[in-house]
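Enquirer: Residue strings, one per chain:
2 protein chains.
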Amino acid sequence: MKALDFWFEFASTYSYLTAMRIEAAARRAGVEVRWKPFLLGPVFAGQGLSTSPFNIYPLKGGNMLRDVERIAAAMGLGFRTPDPFPQNGLTAARIALIGCDEDWGADFTRAVYLAEFDQGRQISDKAVLSDILHSLGQDPEAVLQRSESPENKARLKAQTETAMQLNMFGAPTFMTEDGELFWGNDRLEQALYWARHHTLEGFFEQDAG
Amino acid sequence: MKALDFWFEFASTYSYLTAMRIEAAARRAGVEVRWKPFLLGPVFAGQGLSTSPFNIYPLKGGNMLRDVERIAAAMGLGFRTPDPFPQNGLTAARIALIGCDEDWGADFTRAVYLAEFDQGRQISDKAVLSDILHSLGQDPEAVLQRSESPENKARLKAQTETAMQLNMFGAPTFMTEDGELFWGNDRLEQALYWARHHTLEGFFEQDAG
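Protein chains in written order, with the numbering used here: chain A, 11 to 219; chain B, 11 to 219.
It should be emphasised that the hints constitute simulated quantities derived from the structure, not laboratory data.
Bear in mind the structure is a predicted one, so any value in this text is a computation, not a measurement.
None of the hints are false.
One copy or two, either will do: identical chains are not told apart, so a pair holds if it fits within one copy or between any two.
EDC-like cross-link-like pairs, simulated, lysine to aspartate or glutamate; straight-line CA separation at most 20 Å:
1. K12 x E211
2. K70 x E171
3. K70 x D196
4. K70 x E190
5. K163 x E151
6. K167 x D111
7. K136 x D149
8. K12 x D188
9. K12 x E199
10. K136 x E151
11. K12 x D111
My request is simple: use the sequences and hints to build the entire structure.
Expert: Dropping the structure here:
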């Protein structure tokens, strides 16, 4: 089965939209999704940015919030602006890394996104993350401890460095097995199509048909 | 008939993709397109940017070129990176403003985009613009002269100021009659849907159906 890597950051609004729909879209396309948490902080710093571009360029940030609000509503999802934005997703990403090795990474990721963007909870709060782990049948204390092991911390760092080596500059980002990079929730369908066909030829005809 | 304002800048790669497909998409949606040339230079300057964000953030710029190349190929359009990028579209925008009052603005705009992104010509070159005007049955010298009248120059300046008052920060931008702003070629379908329905509710069901 063809595979698509889904690189996401917990602070990212558009990653939220993708996380909530990628499995259904991938199933329709016959593509397997590999969930890849990483951190945008170092990625932005590598571009000379001290925070999210949406904070640096407020007109763009304001439009992003309205855009996500419109799309979320049409998808039947809640959306509120996190305060502060962006949220600190470091602990959540460390946990997700473990969950993605086992079979609960995608469920955990969706639950964190809903806590953050639907319920307006602080995802840097370990109590919030513990609640989610508990609801997934995981032992919160044991998982939190594993997530903060030197090995796991180093792994998240390495995964973020891989993202930078792959020229990622934002999230969500999709990578096909033949190395094609697609950026943004609005490119998910193209990324899935490319994962199967190694081209976009026919993509728009398919839409019209 | 519902209308949608299509704000475009001649240097903008994604405006090219939109210009080549908006009339067909709008016809299918039953929406009238109003073509609005403006200048991104002052818009970027208002955000503290001295050039295109694609030049300031090279990773993003590199991805943009690949993204446009993939989409253009799938649309059956040529694409080459203009040199220099961005091109200076001032004269073309002044002419388009006149053409959009008459009945040749859209044809002129598409021809300029093809000259720039398909044929790799310099759109700041009046000879290139004259060729296009001639091919459209216009008198190049007369149009160029009108385009450089103080009144027409002031009008393009005013149109760009309007764009800034409407919080535009890039191109293409779509504005619905009820004041909803959509940014980017990838938002054209949503903008057309909103122009008719004043909501995105039902937009994704429509796609799946």
